[in-house]
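K.L.:
Keeping their order, the protein sequence lines are chains A and B.
Per our numbering, the first sequence starts with residue 1, numbered consecutively.
Per our numbering, the second sequence starts with residue 485, numbered consecutively.
Honestly, the hints are just simulated from the structure, not real lab data.
Glycine included, each C-beta is placed from N, C-alpha and C at the ideal position.
Accuracy of the hints is not assured; some may be wrong.
Said to hold, decoys possible - Here are the simulated BS3-like pairs of lysine-lysine, each with C-alpha atoms no more than 25 angstroms apart in a straight line:
1) K304/A <-> K157/A
2) K202/A <-> K308/A
3) K18/A <-> K877/B
4) K502/B <-> K672/B
5) K188/A <-> K205/A
6) K202/A <-> K672/B
7) K672/B <-> K18/A
8) K371/A <-> K205/A
9) K371/A <-> K502/B
10) K686/B <-> K672/B
11) K641/B <-> K502/B
12) K722/B <-> K502/B
13) K18/A <-> K157/A
14) K393/A <-> K502/B
15) K689/B <-> K855/B
16) K188/A <-> K308/A
17) K686/B <-> K792/B
18) K788/B <-> K188/A
19) K788/B <-> K686/B
20) K641/B <-> K188/A
21) K788/B <-> K689/B
22) K478/A <-> K962/B
23) K672/B <-> K371/A
24) K393/A <-> K238/A
25) K689/B <-> K188/A
26) K672/B <-> K205/A
27) K689/B <-> K672/B
28) K205/A <-> K689/B
29) K304/A <-> K202/A
30) K188/A <-> K18/A
31) K792/B <-> K689/B
32) K393/A <-> K371/A
33) K855/B <-> K877/B
34) K202/A <-> K188/A
What the hints assert, rightly or not - Computed Cβ-Cβ distance ranges for the label pairs, DEER-style:
35) P759/B <-> A165/A: 34 to 44 angstroms
36) S964/B <-> Q94/A: 37 to 47 angstroms
37) S361/A <-> A507/B: 37 to 47 angstroms
Spelled out from the first residue to the last, the chains are:
Number of protein chains: 2
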Amino acid sequence: MPYNEALTNAAQAFETYKITTPAQRAQLLRSIAEAIEALGNELLETASRESNLPLTRLTGERGRTCNQLRLFADLVEEGSWVEATIDTALPDRQPLPRPDLRRMLVPLGPVVVFGASNFPLAFSTAGGDTASALAAGCTVVYKEHPGHPQTSQLVHKAIAQAIRANGLPEGVFQHVSGGVEAGQELVKHLATKAVAFTGSYKGGKAIFDLAMQREVPIPVYAEMGSTNPVFILPERIKENTEQLARQAAASVLLGAGQFCTCPGLFFIPESEVTPHFIAALEEELTNATPANMLHDGIAGNYYKGLEKLLQAEGVQALVHQEADVLEGRAALASTSAAHWLQNPALQEEVFGPFTLVVRYSNAAELISAAKALQGQLTCTLWGSDQEHELQQKLTDVLRDKCGRLLYSGVPTGVEVSHAMTHGGPFPATTDSRSTSVGTYAIKRFARPVTFQSAPQALLPAELRDENRSGLWRTINGKLSQASL
Amino acid sequence: MPYNEALTNAAQAFETYKITTPAQRAQLLRSIAEAIEALGNELLETASRESNLPLTRLTGERGRTCNQLRLFADLVEEGSWVEATIDTALPDRQPLPRPDLRRMLVPLGPVVVFGASNFPLAFSTAGGDTASALAAGCTVVYKEHPGHPQTSQLVHKAIAQAIRANGLPEGVFQHVSGGVEAGQELVKHLATKAVAFTGSYKGGKAIFDLAMQREVPIPVYAEMGSTNPVFILPERIKENTEQLARQAAASVLLGAGQFCTCPGLFFIPESEVTPHFIAALEEELTNATPANMLHDGIAGNYYKGLEKLLQAEGVQALVHQEADVLEGRAALASTSAAHWLQNPALQEEVFGPFTLVVRYSNAAELISAAKALQGQLTCTLWGSDQEHELQQKLTDVLRDKCGRLLYSGVPTGVEVSHAMTHGGPFPATTDSRSTSVGTYAIKRFARPVTFQSAPQALLPAELRDENRSGLWRTINGKLSQASL
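For reference, chain A alone in the conformation it holds in the complex (with noise of 0.2 angstroms):
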């Protein structure tokens, strides 16, 4: 579909579609679950051949989708997330009268959305973009991510019949193809009020840029990456040094290391234990067995991307396997933090299974280290129970470097939940107040507007008298589920 068209009719059915209750886009939002379920193994199968994703991971992966998809049904049915907040009037306050103010968010409209190659299914057609979306009312324009498109194909019949199935018009979600230049007049045209977007620092940024340049603009949520550091303490890494190693390897060849959350680098001490660390961290690897990587521009990157870091001064390499046009071959350097310091280029994103350790002489220069970080998705901070004095430092500095700050576990692996956050200070995204993962994410696609002095009869459901479905809103101040 032309990209035009497709806004015109978004904008179009965005008029309906804002208009539906809650219980209606929740329902909307079960039966795409229900419609993705109900492709099969075609989906699983189809997704695995275009993405070389197994099948077994694409399982869990569309149980992530769907479940999202609930999640959010679940969220907007609830109802609270509007934030409904009445002041009510106070007509013989002096020397001014008060009148009645009722606030809550509505959608912003069109929202164009651009998928991820790495998770064909739960960042891509109806990933939590689209979900979160479509949950706070705006319509949907989604352009196909080259990698899966009979995927993206499918997953869009699915929701097109989940569309019809509930009456509303086709515009709430349309479906685009096309290259960067569709792409960029998708971003530009008037009708379109926000863009979500998963992917390189590269891409996101240019989405950005051109948004801003707008006549009006409107907000980007960019999800770039990040290289995710993992600080482990002088005592932690006495604990158990060689499972240590052998969680931190797991976590770096976590799908084949195309995670947003891949740990891309560690900050180890100088001491006697770092020399087992490493030797157990590079033996796992070494020995691990690669995995075909999504596709061979995504290798061929890892690969460039690898060798360039392994050329700066001071980084010497320890796994270090002969490139390949699909494998994702794990590689391993080291550095001193020294060195890391000097050069902000070894702060770069390398896509793939691979780490770069950082040897630390004293807790003075890991802090700066922490300090000299760009934005992160995650830091994870390991520490023993004895190490509080420097792991509450960390904290105080990590906290306002990262979207979430692990203290044990690995960050690959994103819980879709309430308290999820998967943002972060720039470059990680354009916007460090959100998140693209967990119910918070609807945040992004919704504004408040105040209603005063308005009938019962014009104002929206949450915001009358009547509090039927024991909504929780704030009522001159205080939160409560009951009816003026």
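Go by the hints and put chain B onto chain A.
P.N.:
Same frame as chain A, now just chain B:
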């Protein structure tokens, strides 16, 4: 103080200030209010001399400024604004366990604030932007407005005194003077994490563009005013026609028309009562005693903008007085909806005591006009009870055009409360997801961070198991004041 030093100080002070307790921040905000009140008449007289605003108005504005500081103190002390959200661990979940996830809003960092000339207290040095940024835990670098430098210095003195009395670093609030270039350097500085601005479209848009072109872009909250259209429906204008016109005139004339919410457009039906409405409006505006504008530059721009608008095709001047160097003399013009729809330049704000009456011939034309509107701070819809259907249609259109939709009363007068939105789609502001008035304004200066599997001792108090202060938190998707 040089801008670079100011931002270096602000960044350093942020390290201390960001980890202050809510009680400490509340105490600071209350101390600032007290210190401003302690400035006594000197503040009011200085502000009046610099702004030409009468003492009674400034007394009210001081009250508003101090109440606003205290409202944010209450909000921060209560604490639920951080949206603490906890998903407890599910270690036995299949196929994968769920980790413990805890999210809350944390402050962005140093904020640069540009105050407005038209509210030398409430939208200036210690105005809503400063109050909400300090409440959020951000440090502030304030760029003095050249329209009231001495007023600004006095308020700065009060803030600095409150900061000292609370034992906080001086860098929590800093005052910088200088021209356009100094402002640009503040926006471009690496340590700046957000910008708040109230003023002209030209000024706000320039700051926005600069901030988006930074190597690391930052949020810009620029409130740039609007024309605040009032829609009067055919039945409603028949009721108390002259009283409506007087109400309209009073709103246009308030503060010599120098309110961001001054109604600069009235859509009225072509009908037998129209001449009465217009005649009454003419009379009110002609007989009004003109007040001095803030300064001669603003008066100059007012008359220049007015002359330009009056030359547009199809526009008739109805009240058109001789221009003055300083006095803002009321003006009135009229045009047809057909002409208005053909000429987008008629949507440009003329900042001063002027309004344009636009006569529509039927409901379809009125809805077309509503759809053609650019983003507004406010829209006002005056309809009668019999006009429900038309009001509903206009409501559906107008809620996407503005931050506040009124059904009676006038747009001037912006309540500082929980349910207020003083914002709106571009070009009313550069970020429609925000408000610059009311408690929701605090959200502009914060972003979510999730702590995963964190030891209790490393968590912020808001996210610990024990909920001593009875904070409202979302636990596994349900609001609760309980401890875990």
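K.L.:
If a hint holds in the structure, say so; if it does not, say that too.
P.N.:
Against the structure, the hints come out as follows:
1. Among the hinted pairs, K304/A with K157/A is inconsistent with the structure: their alpha-carbon atoms are about 37 angstroms apart, more than 25 angstroms.
2. Between K202/A and K308/A the CA atoms are separated by roughly 17 angstroms; this keeps the pair inside 25 angstroms, and the hint holds.
3. Distance restraint check for K18/A and K877/B: the Cα-Cα separation of roughly 13 angstroms lies within the 25 angstroms cut-off, and the hinted pair is therefore satisfied.
4. Of the supplied pair hints, the one linking K502/B and K672/B holds, its CA atoms being roughly 22 angstroms apart against a limit of 25 angstroms.
5. Of the pairs offered as hints, the one joining K188/A and K205/A holds, with about 14 angstroms between alpha carbons and a cut-off of 25 angstroms not exceeded.
6. Annotation: proposed proximity of K202/A to K672/B holds, straight-line Cα distance about 22 angstroms (limit 25 angstroms).
7. Taking the CA atoms of K672/B and K18/A, the gap is near 38 angstroms; set against the 25 angstroms cutoff, the hint is violated.
8. A C-alpha spacing of about 24 angstroms is found between K371/A and K205/A, which places the hinted pair at or below 25 angstroms, so the restraint holds.
9. A C-alpha spacing of about 15 angstroms is found between K371/A and K502/B, which places the hinted pair at or below 25 angstroms, so the restraint holds.
10. Using a Cα cut-off of 25 angstroms, the hinted pair K686/B and K672/B holds, with the two alpha carbons roughly 18 angstroms apart.
11. Taken as a hint, the K641/B and K502/B pair is honoured in the structure, with Cα atoms around 22 angstroms apart against an allowance of 25 angstroms.
12. Annotation: proposed proximity of K722/B to K502/B is violated, straight-line Cα distance about 57 angstroms (limit 25 angstroms).
13. Of the supplied pair hints, the one linking K18/A and K157/A holds, its CA atoms being roughly 22 angstroms apart against a limit of 25 angstroms.
14. Restraint check for K393/A and K502/B: satisfied, since their Cα atoms lie roughly 13 angstroms apart, inside the 25 angstroms limit.
15. With a CA separation close to 24 angstroms, the supplied pair K689/B and K855/B stays within the 25 angstroms bound.
16. Restraint check: the Cα-Cα separation between K188/A and K308/A comes to about 35 angstroms, which exceeds 25 angstroms; the hinted pair is violated.
17. At roughly 17 angstroms between alpha-carbon atoms, K686/B and K792/B fall within 25 angstroms of each other, so this suggested pair holds.
18. Restraint check for K788/B and K188/A: not satisfied, since their Cα atoms lie roughly 33 angstroms apart, outside the 25 angstroms limit.
19. At roughly 16 angstroms between alpha-carbon atoms, K788/B and K686/B fall within 25 angstroms of each other, so this suggested pair holds.
20. Restraint check for K641/B and K188/A: not satisfied, since their Cα atoms lie roughly 47 angstroms apart, outside the 25 angstroms limit.
21. Using a Cα cut-off of 25 angstroms, the hinted pair K788/B and K689/B holds, with the two alpha carbons roughly 21 angstroms apart.
22. Distance hint between K478/A and K962/B is fulfilled; the C-alpha atoms sit about 16 angstroms from each other, no more than 25 angstroms.
23. A distance of roughly 20 angstroms separates the Cα atoms of K672/B and K371/A; the hinted pair therefore holds under the 25 angstroms criterion.
24. Of the pairs offered as hints, the one joining K393/A and K238/A holds, with about 21 angstroms between alpha carbons and a cut-off of 25 angstroms not exceeded.
25. Using a Cα cut-off of 25 angstroms, the hinted pair K689/B and K188/A holds, with the two alpha carbons roughly 18 angstroms apart.
26. Between K672/B and K205/A the CA atoms are separated by roughly 18 angstroms; this keeps the pair inside 25 angstroms, and the hint holds.
27. Straight-line distance between C-alpha atoms of K689/B and K672/B comes to about 14 angstroms, which keeps the hinted pair within the 25 angstroms bound.
28. A hinted pair counts as satisfied when its Cα atoms are at most 25 angstroms apart, and K205/A with K689/B qualifies at roughly 20 angstroms.
29. Distance check on the hinted pair: K304/A and K202/A sit about 16 angstroms apart at the alpha-carbon level, within 25 angstroms; holds.
30. Distance restraint check for K188/A and K18/A: the Cα-Cα separation of roughly 22 angstroms lies within the 25 angstroms cut-off, and the hinted pair is therefore satisfied.
31. Between the alpha carbons of K792/B and K689/B the distance comes to roughly 22 angstroms, so the proposed pair stays at or under 25 angstroms and holds.
32. For the given pair, K393/A sits about 11 angstroms from K371/A by alpha-carbon distance, which is consistent with the 25 angstroms threshold.
33. For the hint pairing K855/B with K877/B, the CA-to-CA distance comes to about 11 angstroms; that is within 25 angstroms, so the pair holds.
34. Restraint check for K202/A and K188/A: the C-alpha separation of about 18 angstroms stays at or below 25 angstroms, so the hint holds.
35. As the Cβ distance of P759/B to A165/A is approximately 55 angstroms, the hint placing it in 34 to 44 angstroms is violated.
36. In this structure the supplied range 37 to 47 angstroms holds for S964/B paired with Q94/A, their Cβ-Cβ distance being about 38 angstroms.
37. Between S361/A and A507/B the beta carbon distance is about 40 angstroms. The supplied range of 37 to 47 angstroms therefore holds.
Of the numbered hints listed earlier, those contradicted by the structure are 1, 7, 12, 16, 18, 20 and 35.
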